[in-house]
Amino acid sequence: MLEVRDLVAGYGLTRVLEGVSLDVTAGEIVAVLGSNGAGKTTLNMVLSGLVKPRSGEVRFAGERITGLSPAQVMARGLIQVPEGRKIFPNLNVRENLELGSYRRAKANRAKNLEKVFATFPRLRERVAQAAGTLSGGEQQMLAIGRGMMAEPKLLILDEPSLGLSPLLVEEMFTLIRRLHGEGLAIMLVEQNVAQSLDLADRAYVLEHGAFALAGPAAEVRENPELKRAYLGL
Amino acid sequence: MTARDVLPILLFGAVAALLPVFVTAGTLLNFAIFTLILCLAAQGWNILGGFGGQYSFGHAAFFGTGAYATAVLQVRYGVNPYVTFLAGIALASVVGWVIGFLSFRSGLRGSYFALVTLAFAEVFRVLSNAVPFTGGAAGLLIPLNQRAANFQFESRGWFYLLVLALVVVALLLTRALERSRLGAQLVAVRENEDAARAVGVDALRVKLSAITLSAAMTGAAGGLYAQYFLYLDSTIAYGTWISVEALLAPIIGGAGTVFGPVIGAVILHTLAEATRMMVGRIPGIDLVIYGVLLILVVRFPPRNLLPWLRGRR
Amino acid sequence: RAQPAAIKLGILQPVTGALAQDGEYGRLGAELAINEINATGGIKALGGAQIQMVFGDARSSPEGGTAEVERMQAEGVVAVVGGFASPICLASSQAASRYDLPYVADVGVSDAIVTRGLKNTFRFSPGFGSITAAALDNLVKLNDAAGKPAKTVVVVHEDGLFGSGMARLMGAELPKRGFEVLETISHPTPARDMSNIALRIRALNPDLIIPSSYYAEFVLLSRTLQQRRIRPKGIYCVLNGAASNYRFVREFPDAANLVMDVNHWADPRKPKTAELRRQVEAQNRFWLYNTPMNYSAVMLVADALERAGAADRAKVIDAIAATDGKFDRHIMPYGPTRFVNGQNQAGQAVNTQIQGNDIKVIFPAEFADAQAVFPWPA
Amino acid sequence: MSFLQIRNVSMRFGGLMAVSDASFDVAEGSITGLIGPNGAGKTTLFAIVSGFQKPTSGQVLWRGAEITARPPHVLAAEGLSRTFQIVQPFAGLSVRENIAVGAFLRHRRRADAIALAEQVAEQVGLTAELDKPAAALTVSGRKRVELGKALATQPKLLLLDEVLAGLNPSEVRDIVPVVRAIRDSGVTVLMIEHVMQAVMNLCESVHVLAQGRIIASGTPAEVVATPAVVEAYLGHGAASRLSGGAHA
Amino acid sequence: MRNFPPEIVMEAVANGLLTGAVYGLVALGLTLVYGVLHIINFAHGALLTLAMYAAWVAWAAFGLDPYVAILPLVPIFFALGYGVQRLVIGPASRGEDSNILLVTLGLSIVLENAMLAIFRSDTLSVQVDYAMEVIEAGPMLLSFPRVVGFGVAFVVAAVLFVLLRMTDTGRAIRAVAKERTGAALVGIDVGHVYAVTFGIGTACLAVAACLLLPSFYVNPRVGNAFVLVAFTIVVLGGMGSVPGALLGGLVIGVVESLSGLYLGDSLGQLGIFVIFILVLLFKPTGLFGARA
Ligand SMILES: Nc1ncnc2c1ncn2[C@@H]1O[C@H](COP(=O)(O)OP(=O)(O)OP(=O)(O)O)[C@@H](O)[C@H]1O
Ligand SMILES: Nc1ncnc2c1ncn2[C@@H]1O[C@H](COP(=O)(O)OP(=O)(O)OP(=O)(O)O)[C@@H](O)[C@H]1O
Ligand SMILES: [Mg+2]
Ligand SMILES: [Mg+2]
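Taken in order, these protein sequences are the chains called A, B, C, D and E. Just so you know, we're using the working numbering here: the first sequence kicks off at 1 and counts up by one. Just so you know, we're using the working numbering here: the second sequence kicks off at 1001 and counts up by one. Just so you know, we're using the working numbering here: the third sequence kicks off at 2001 and counts up by one. Just so you know, we're using the working numbering here: the fourth sequence kicks off at 3001 and counts up by one. Just so you know, we're using the working numbering here: the fifth sequence kicks off at 4001 and counts up by one.
Okay, chain A solo, but in the shape it has when bound (with noise of 0.2 Å):
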């Protein structure tokens, strides 16, 4: 589904990536780990089509994206939850929620809308909230359910889990679980180690915007280098 060959990008003179290449099968969940500053952000993106490639190809469904707008990468299903969530503080919940399917998926809003405040009541309390005084776990709520209202062939979260508590990063792995069983393809972008090599399908570990490691997550897991460097062990 998602194909990325030799991608090389960076900011001004800085090169952040080096030649990366990944994979994203149909139905698949495939974990990006790496440490802070390996260029996982940068990569989504790249694939986003927010930050330009120096070289190399991205394809999705089988269609060369290089180089389109985040507009038209959005438009074809390519759905990313940024880092920092991005929400529109001055809008209300709801209308945050109404504009992830301003591209697509519109004629199923309201459908969308309900799945998602079922996903996370929290967030029908707030609907009438301006987004910018919403808690930090909120916001992430919300940004996830506006990632969902475009409904992602292929969602790229980035940090889901940042700032959340035990209870709602358990409960997001298990939505992200529950997303992957209703057969969606998922990118996740993670500090969240241990849980997302448990469930991942494959995981690569970007080093120095490079991969590392790749490989089906059971493996990943085990290598001994990547405990060293990212469990803590």
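If you're looking for bench data, these hints aren't it; they were derived computationally from the structure. These numbers come from a predicted model, not from an experiment.
Listed next, the in silico BS3-like pairs over lysine-lysine satisfying Cα-Cα at most 25 Å (straight line):
| id | chain 1 | residue 1 | chain 2 | residue 2 |
| --- | --- | --- | --- | --- |
| 1 | A | Lys-52 | D | Lys-3132 |
| 2 | D | Lys-3054 | E | Lys-4283 |
| 3 | A | Lys-52 | E | Lys-4178 |
| 4 | E | Lys-4178 | A | Lys-106 |
Given the coordinates of chain A, work out where chains B, C, D and E with the ligands should sit on it, guided by the hints.
Below, chains B, C, D and E with the ligands without anything else, positioned relative to chain A:
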């Protein structure tokens, strides 16, 4: 401040001071004097807007106060112009402090601050046009009396050197500010006021210091203007033209850098002068060209083309 | 014989910015004069030297005027004519004085222009004091002649130099001459709305309205008065932008008819005036006072050049100062020219009235080409 | 006498009680945890303690004296410093300059402030990024800057709002000793944290806030065993992991 | 202070309301552009002037009544605003707010002087037979063109309000105002939304121009007279708020009218600015409190 901080400024002063030696053409001296006066006004704006991030659209309020104080006190009360010039600076900084106190205390930021300064300048303009002691709508004429003791010089060269000296002082002050605690705190307030407060920056005090200093510099520019052109009215003193001039130069040349306003003012006025030459049968064409060049300068900023112009942070 | 070197003459006008309209018409006048001089053999005393115009845009600001004077000086002009607005005239004549460069102000009415003791500065036209004095005298004469129909007055003025000064004077002088000033109303330029002024006037119901505004504002005012059906016994303008402007007469004949003005105006009895007006209208421009005034000021310099016999600044200054009644190439309704401290003592404003499709001079009698219609027929 | 006392603090936003009648103490020299579900009012409480918001009612006492609603910069000067959950860097400035702003609080001279900033940067592991603009840092870098700025004010009480969020387990492991070292240098720490691994490791006592109220207080071990806390905050999975495999 | 008979005061208030609605329309464009681009559009006045010239040309060259000219001018000015943002302001400002400021400033210089070059400095007006008509409302005489202006301004404000609140485009406009990256990620074309916003703001000016022209005049600097008032209104109404702009316009219209009546038009301006400063100092979110 180290020698490295001060040297470029002194060098600039020294080189610029040679101008009257080589150039006697009134056109150029007149141009240089006017540009330097605007440099001073712009440096004032830069302190508050560039370093402090508080964009003012009403620096005319300070310019005009400096100008009117300089003129009114000598015309109406016969005070020596050098004294009235200093009084103008003092009065402008008081006005700066008061406007700053009112707006910063009520938490005005961003465009709200910009608009309130604009409104203050307008209030001053309307008032100065109506009250008698500013000469009202008829304006105020400083009697011609070309003696150095009278802050009017037979030869323009002297006036030029005096303005240049003041610009150098302003540059040194800005550099000192940049290197000081106040400067660091000011920049911090610009970047993120809440974060600055959290690490112990008294944002109100810092901003008030900045606006006071800023107003003083721009007020000095006003005083020089009055003393040079010897005529003032409400639109000259408090008109939007000077508020715009004051912000244009630093933004073009690099806001929040010591040399930004100077570079910007020189670029802008050279452009203006150059296009002025093109005045043809149809009025306005030259200004159309000027406007287009202005947009192009923003699009391709000279500070990007010439990185060394950028001025060290 | 080789053609003598052209003589450069600086023409300074604000053709951009707030005063652009006036500057345009001023430049037109100067151009027409220069063309005429050149077409009729140039400056004869200088072997028929042609006059070359060095034009400068004062950009509606004093510093703009100053910068242009500097440039003209660098280009070696023999004199500068123009300025239009008082602040521009004040600043630029002073800049010119550094170089002993003769400066002839075209319009600038501030009396400070000729009272600073600058040797180089002249004004051919009347200043503020003499204009307003004439305005008052003529008003009294007009009212007396009509049997004193007007007793109460409302003064409306723009809040700049012209308007405010005029209003202050009217406030002080009118009561001495038997008029009651009910109210003095000022407005900014540009003004967005005149309904309030109209309302106040309606409430006060004066016999006479004395407005002093720029073109657009007066048009707005008179149209609003018309719309609100406010009809005093007369509208008597002083130094007004519109009541001496043919555009107003053409576009709003109903509002314009019978409005009076005290202003600069060309002498309607001189054949040259009509000829010049035809030339201007042939260019699709309207006939405004700026044009004849600049025409006349340029002629003044040309006359001085003839008498000086040299394109030498000091000699030109002396020659202008010595101008006398023999100077007759101007087209203003002035008596014999005589300069005292740079001011032409004969310069005077005249009363005009819009009558039908035309602007007529109604005062003083020796220049008048029509009878005043006052009070307005009901 | 207690170091920091929070007395019956309530905060209302329109119809919402973000904090209601919360009271607890922080002992001098301790590392105290404040945990609770999302939206419980933890950050709001920090904003109140640090002077950014004025509580609807209640008091904050600092070494016995009331400091409620004093402006933040005054509190910072008195030794009370906070970090922000949504990091607030001086985006256009370099890391060095960012931290130096904090250092200027107690050092008038530029050289001194810069020296202290560099020292603090080392402490929080930012030496390599000193010249980078703060805006170009990754999440963890920004969190460290946040910590560095606060530390550079040489506080007596440090309020840390989720500085560990976004760090991977090994980075969390790296930063735990940093926090401990801060405490050992004489700074009292009050931290909001969802990373229970760190809370268990670091804190001597923990207060749990839920829907604006304190629902439990005690040692980490006590608190994670409290059923109400498990119910509202931890969930059973985390609770069993913590009590089972606790390697504290 | 002078005492005016009640019918005069009433008429002053009515006039203020009528004029204020059109001010509100001018402010509407400004508030919208401000809300999204976060910058004060210095070219607003020049664009208004341009629209007035356009309406004048429509009348002088094509004999189009100014009210009829609204129909072609609104789409034309929408396109113009769209293009200006897309092709000039956007690229030239490179995303920095202070640059947008300069670019709009440059644009205003270009426009104002281009109009000077093309139309000369003369003051132009249209002559339509209804310009002098009045509607008698009790003892009051209300200018017909102003009554029309009042009505149309309300309709435009209502349309815009609905657009911003109820449509996705409107929500997108508001979303982009605060969170550009987030907007891009939900598939909003940020550049397009900026341009649409600028286009709408400019289209508002086209309407305002057509409403003003029958009773007003046009010269190359006429727009400036309205910009300062428009700023006041925007602040009064809360930046970015559509109903605020209209209400603010009405309030300012009445304030201007009454202070003009009692203090004279010159000092009456002072009244507006003092109110402006007080509002800024004590209720900077605006009288009609748009959410911060
Ligand atoms: N806008 C930017 N300008 C310049 N450099 C940047 C920018 N954003 C990120 N970087 C740099 O790019 C590198 C990779 O950053 P990125 O955000 O992709 O990392 P990450 O793996 O997502 O880290 P984290 O886990 O902290 O989120 C870092 O070194 C960072 O400093
Ligand atoms: N300015 C405000 N206006 C309205 N409601 C607010 C405001 N600030 C916070 N809230 C609400 O108060 C509640 C508490 O918020 P707070 O940020 O303190 O939570 P928190 O405990 O820090 O949560 P998290 O762990 O998710 O960061 C939330 O429901 C939030 O929506
Ligand atoms: Mg990241
Ligand atoms: Mg929080």
